[in-house]
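S.K.: The lines below spell out each chain.
Number of protein chains: 4
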Amino acid sequence: MENTDLAPLRAQIDVLNLELLALLNQRIEVARKIRDQKRLLGQPLYDPERELKMIAALVQANPGPFPHAAVAHLFSEIARATVEHLEGTERRSLLVSRKAGEADRSFAVGPHRLGDAPVLIAGPCSVESEEQIFSTARFLASRGVRFLRGGAWKPRTSPYEFQGLGKDGLELLVAAARESGMACVTEVVDPRHLELACNADLLQVGTRNMQNFELLKELGRCGRPVLLKRGMASTLDELLNAAEYIVSHGNPHVALCERGVRTFEKQTRNTFDTSAIALLRQLTPLPVLADVSHAAGRRDILAPLGRAALAAGAQGVMLEVHPHPAIARSDAQQQLDFPAFDAFLTALERPLTTLDARAP
Amino acid sequence: MENTDLAPLRAQIDVLNLELLALLNQRIEVARKIRDQKRLLGQPLYDPERELKMIAALVQANPGPFPHAAVAHLFSEIARATVEHLEGTERRSLLVSRKAGEADRSFAVGPHRLGDAPVLIAGPCSVESEEQIFSTARFLASRGVRFLRGGAWKPRTSPYEFQGLGKDGLELLVAAARESGMACVTEVVDPRHLELACNADLLQVGTRNMQNFELLKELGRCGRPVLLKRGMASTLDELLNAAEYIVSHGNPHVALCERGVRTFEKQTRNTFDTSAIALLRQLTPLPVLADVSHAAGRRDILAPLGRAALAAGAQGVMLEVHPHPAIARSDAQQQLDFPAFDAFLTALERPLTTLDARAP
Amino acid sequence: MENTDLAPLRAQIDVLNLELLALLNQRIEVARKIRDQKRLLGQPLYDPERELKMIAALVQANPGPFPHAAVAHLFSEIARATVEHLEGTERRSLLVSRKAGEADRSFAVGPHRLGDAPVLIAGPCSVESEEQIFSTARFLASRGVRFLRGGAWKPRTSPYEFQGLGKDGLELLVAAARESGMACVTEVVDPRHLELACNADLLQVGTRNMQNFELLKELGRCGRPVLLKRGMASTLDELLNAAEYIVSHGNPHVALCERGVRTFEKQTRNTFDTSAIALLRQLTPLPVLADVSHAAGRRDILAPLGRAALAAGAQGVMLEVHPHPAIARSDAQQQLDFPAFDAFLTALERPLTTLDARAP
Amino acid sequence: MENTDLAPLRAQIDVLNLELLALLNQRIEVARKIRDQKRLLGQPLYDPERELKMIAALVQANPGPFPHAAVAHLFSEIARATVEHLEGTERRSLLVSRKAGEADRSFAVGPHRLGDAPVLIAGPCSVESEEQIFSTARFLASRGVRFLRGGAWKPRTSPYEFQGLGKDGLELLVAAARESGMACVTEVVDPRHLELACNADLLQVGTRNMQNFELLKELGRCGRPVLLKRGMASTLDELLNAAEYIVSHGNPHVALCERGVRTFEKQTRNTFDTSAIALLRQLTPLPVLADVSHAAGRRDILAPLGRAALAAGAQGVMLEVHPHPAIARSDAQQQLDFPAFDAFLTALERPLTTLDARAP
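Residue numbers (the numbering used here), protein chains in the order written: chain A, 98 to 457; chain B, 98 to 457; chain C, 98 to 457; chain D, 98 to 457.
Check the hints yourself; a few may be wrong.
Put simply, identical chains are the same to the list, so a pair is met inside one copy or across any two.
Stated by the list, open to error - Simulated pairs of lysine-lysine, BS3-like, Cα-Cα distance not exceeding 25 Å: (1) Lys196 / Lys150; (2) Lys264 / Lys314; (3) Lys314 / Lys150; (4) Lys150 / Lys264; (5) Lys314 / Lys130; (6) Lys130 / Lys264; (7) Lys363 / Lys150.
Hint data in this document are derived by calculation from the structure and do not stem from the laboratory.
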């Protein structure tokens, strides 16, 4: 009984909404005629002065209580939507959005696939030597891992830190992956590296470059699958729009990767955002992965984070594995050695605990 | 000279605009009634699910050519403007909100006042000994400081840290303030301490208790002015509502205090939020102060933060001063000794730099 | 071979460490003799003036490169540790810390237990009526749920929002739980409510009161198990110390609850911190739970978050269930109705996906 | 008069203190050698695992009576002081670090200078038309503003938003600045635009590209002054290291710009970090500016934020000014129109309020 008072008011809102909608459609029909006239006259459709006068007139005519500022804002939005539609550039549902009922998208990455059953992507932070990357690839392949990661161009906070082996590192990575039948993943940091980087099977955009839009546009044109990592303080909306840059420039093969966000907590390098995985799985049909090494920044909670990622729906877990983490040239604190990787794998595959609640 | 072919079409647009405007004003009147009903029902005004359904219905009903995405966007903007307007109205109706044209509120605190010209509140983190608090009071009074702070009940992260001298500390604080003609400020952490604490002139609610609503209600009944510090991750809206708890329970004499919020930055204990001061000065007529010691957590930037606070409109600056910070039993890193306080004062009073831009 | 250069230097550090250690032990033996002398003389052990002079002398004598400020700080810490030890209050390993090899702790809560197999805690945000709480209890019990939650005293942002039914709400909650053989959980917000609140089986400390230390001390004395929720921007260290307040005041039966922390992301009410669960499970033997409703602030990702919590080691999941969420007087956006709870339960119990990686 | 029984004991303490001091200084010398080795190896100085093992070994070796917990605490403090000292040394040795006693650095930017008296940088978010940018430049120049900003390549969250006029926009900006005797500032987003962009006087790196290291390296080689904005969740250490990329690649003319960081607060687009300005002014001799428009994301608090920035030591304030903000193609909510800019300027130049405290 409590709620009955809202129903008639809501019905009034619904009627007003439909009247507004009808007017908007009438209005755009008139605007279309104006556009056609202007085309004949050789005039541009967008006329900022006319728009300004129109808005000023409306604000002056507004009796309230709808606020003046909101009137100005809304009619500016109406004008913008009108121009964009008539110029053929209207805001549409994002290409990367999951349409009603749309299934997950999957695609080939070298000899394997992303977006089907969950995968592991593992390997060292940086490619450091032939011995290092080949031994890692062989070890991981022997454990069934199909994706080998390894940085060739390393974005480092300080210019005096190890910057990666570049072209040489990439060649070692590709050769190690080929030998073991794995797909390989490397990070790209500059549009000018792309031609070379396309020797890898999957091109990673790191957290610092999630909104390096010129790089994203080039990746849209490059024909290689892309692994797009979330910026360290980026919203999911920003992540999806960054993916849209790639897809709208021609490349539909993009996977997203949660890797933790910055917070006040000091026990971890970042705060791993499990909700992001759950939400992205709803919002987009693209594959969603989780990089647990960068989220944690420490070795001892990689297994529970990996389990949590899979439990929340992630289609892949990425982590750093190095034959001798103590002498790694980057990320020494968070890489697993081989025995620790085996323990990780065992922990990852333990079943979920049964709830006490369900005993009758 | 206007193009004659466009004029009648533009006139049609103008008519449609006015019809849209009229509908928007009708719509917000209905929304206001819904808001009033919801308030009685204890429901929040903003209902994202209802909004989602409403927009889905409109998109489905849209015959075009106005684009679906633009319909969704515009009605979402209309809903947002409506909620903001009606919540704005609500916020303006809080007792602590600044009404149109309302002047700053000021009130007596012991022998002095808050809310008029900017004041300094200074003193040790904790009252530790008679010698400590009396020497501090005498020193500060000699510099013109009128408010003496000092903790008697200290909320400490660990139960094994110094918890304050309690009743004895309070008595020392009050006696030291009285001797030097100062008003005194102490923190209260428990409704059961209030009777005793009312011997102080100003009762501080610390950051950990900003939403200890039972304490706030008692402070509303206690007849002493209150200094309410912002929670370490509280929004301004939550701070104003916390103040409203006190004022609505009978005590109009509340001052607000920005003291930094938690972020990822590690160079400071908290991130001092200067915008909060600027916004609070608009949103409320209550006095707004700034605790620079807890914001910074270090001594070397107290002066620039104090200057910034005053420049942004703060009506007071609070900081920790101790005769011998190195042996302080709490907050040793951030308290100023007496010579450093003198330097702080000199820096605080330096005029703002002249802009280069203004040379003709 | 790369690392060999560090070994001899580290050996030098190790030797110096042991020499420092020996001196510290000699020093505290001398300090003990001073204490004994002072006891005979009736003098207090802690002598701030002597400490100041001692530190000043050391700073003056310091040739560097050890920084002067660090010298002052370290000797102040040495003096503090000495005084604390000799006064019998030294910082010890926290009572709530997991000792090497220590098993999980579990304890009875009403007719059930926390800390053994994972449990569900479910029920409405607030107790609103007899019909509401009894129907919820019966429904949940029929699904095997053993813990019934329901707020009697509600901490609300605004003083004008529904504040809970208080004593009446508590009585309804207890009666509903008893009828269905469940344990019941309610939030306490004021030390003065405790006597009454102890009719419930488990007393919850909410996120806003995690550092309400006076309340924690009383809970330490009250003899009822406590569910301590993490503050909305509290570090794990602060959470463990808050638990230590309760345990060190006499109550060993504390469970911890992660419930999301505040970040910039707007799609969720808070950011659920799965790492916190993994780390707390290492750091403490106390039961660790997860409140997914307050973390998410929305219904549609409760199941993946609950699964992730269990996968990361949580010993319980808490969530809000209400017969008619749309008319709930608080948290309407995030409560599940009964059919949605059934779907949640089904999703929670689905096994983890098998990794593609492991096919040979 | 000293107590005779205590004197010999105190003398023993003094001797032990000096021995401890000597060991601490020896220890830090060894640690410095380790630091130097690690730098060659590309390893971070701070190694929590080594520290943990070292402390565990000491606790095990500790015969007492110095308490185990105090041993752990003290050696952790010693390690911290050591790392801080040695990292401080490292930081001071960055090219962008302020050396002891080093004066502020200033440099020419087109016909004007950065780093001397505070300046204003103003202009529209994006260059939109000839009329728009020329009228803005003329207006600003008439108010004494010497730096004109305007975006040619706009990094936008969505690929469907206005992306800037590119080359045409840059030409308009430069021409408008030249006509009015102003220096001009534009954002660069791609190393491949640099040759063209060097027609502007000052090249801005936006918040999304602060760690686009390849772009920074090119800017190091390009011979134009750079305005480097802080990343939206970057620490000051990361900002200084980003500047170091530019300077170490050959370009000493870098100015830093605080522009707000991401937090939970929703009333502002970002949280303006005044402490950052105060700390950067200590840490580096490079010019430090403040972008108040992007910090606030709203018009109504630009003046108090600008005042606060100057009060904290900023050497410039940047803000967005547009002839008609309501029709701006980006950042419509935060740009000032001309009359509002005049009001901003008046507010900016009001003197700081006199403290009540100083009346005798």
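S.K.: Can you tell me if Lys264 and Lys314 fall within 25 Å by alpha carbon in one copy, between copies, both or neither?
M.R.: For Lys264 and Lys314, the Cα distance is within 25 Å both inside one copy (22 Å) and across copies (18 Å).
S.K.: When no copy is specified for Lys314 and Lys150, does a C-alpha distance of 25 Å or less occur within a copy, between copies, both, or neither?
M.R.: Answer is neither; intra-copy 37 Å and inter-copy 35 Å both fail.
S.K.: Classify it for me, Lys130 with Lys264: is the Cα-Cα distance of at most 25 Å met within a copy, between copies, both or neither?
M.R.: Neither. Shortest intra-copy (52 Å) and inter-copy (33 Å) distances fail the 25 Å Cα cut-off.
S.K.: What label fits Lys196 with Lys150 when the C-alpha limit is 25 Å: within, between, both, or neither?
M.R.: Between copies only: 16 Å across chains, 36 Å inside a chain, cut-off 25 Å.
S.K.: Is it within, between, both or neither when you check Lys363 against Lys150 at 25 Å Cα-Cα?
M.R.: between (44 Å within a copy, 20 Å between copies)
S.K.: Can you give me the call for Lys314 and Lys130, within, between, both or neither, at a CA distance of at most 25 Å?
M.R.: neither (30 Å within a copy, 47 Å between copies)
S.K.: Measure nothing new, just compare the shortest in-copy and cross-copy C-alpha distances for Lys150 and Lys264 to 25 Å and report within, between, both or neither.
M.R.: Answer is neither: 58 Å inside a copy and 30 Å across each miss the 25 Å cutoff.
Comparing the model with each numbered hint stated earlier shows that hints 3, 4, 5, 6 do not hold.
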